[in-house]
Amino acid sequence: ETGVTQSPTHLIKTRGQQVTLRCSSQSGHNTVSWYQQALGQGPQFIFQYYREEENGRGNFPPRFSGLQFPNYSSELNVNALELDDSALYLCASHGGRSSPYEQYFGPGTRLTVT
Amino acid sequence: QKEVEQNSGPLSVPEGAIASLNCTYSDRGSQSFFWYRQYSGKSPELIMFIYSNGDKEDGRFTAQLNKASQYVSLLIRDSQPSDSATYLCAVNAGSARQLTFGSGTQLTVLP
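From first to last, the protein sequence lines are chains A and B. Numbered according to the working numbering, the first sequence terminates at residue 114, and the numbering increases by one at each position without gaps. Numbered according to the working numbering, the second sequence terminates at residue 111, and the numbering increases by one at each position without gaps.
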């Protein structure tokens, strides 16, 4: 167990709707990165939050947005859902003092857009 | 050209054999290298990381890094059926030190 939690586990939404996914980081970690994993592919970097600021972004449109809270937990918001947004959404917790570069994933949220 | 490439697989080895998984990367500025194991329907689990050229051993796992050749590999000794999973190679680069993943190699260990 990594100590990283995500909610909800599964979600079904309709095209055009909005969704919010949540992540609680591991104790001692101050950075959260979000990834999207399509079936049969490796995870793709969406963005990263460090000390409540966006610290880097992958090739995702602005309808993907996020937040980080003072306790380092984070949210991923997706507006105007499209069918291609169906994927496993993973958050990774990192930034611990002893191992700043190793990223530990939560169990993921499986999003289905119909 | 993909930034991180892995053997397309699937790879099958008999129980007790050595499984060899390979990965190449394109960004010479990459500093850190990771192997994740992902069981079907689960999230990736970090099993090895390596930062310096050479070998790093942890139990039955050995990671090998050659920065000059931009090559990283994972050896699994005494493979067990429970090692059957998809293995993802990831490289840490970019301003946010984000992970760039390969598409994974599916390993099956046959009893």
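These are calculated hints, taken from the structure and not from any lab test. Small disclaimer: the values here were computed from a predicted structure and weren't measured. Ideal placement from N, C-alpha and C gives every residue a C-beta, glycine not left out. Please note that a few of the clues may not be correct.
Label-pair ranges, simulated between beta-carbon atoms [said to hold, decoys possible]:
1) A/18 <-> B/66: 41 to 49 Å
2) A/54 <-> B/71: 28 to 36 Å
3) B/26 <-> A/38: 33 to 41 Å
Each hint, compared with the structure:
1. A/18 <-> B/66: 41 to 49 Å: 46 Å, holds
2. A/54 <-> B/71: 28 to 36 Å: Roughly 33 Å apart at Cβ, these two residues keep to the hinted range, so it holds.
3. B/26 <-> A/38: 33 to 41 Å: For residue 26 of chain B and residue 38 of chain A the Cβ distance comes to about 21 Å; the hint is violated.
In terms of the numbered hints stated before, the structure departs from hint 3 and from no other.
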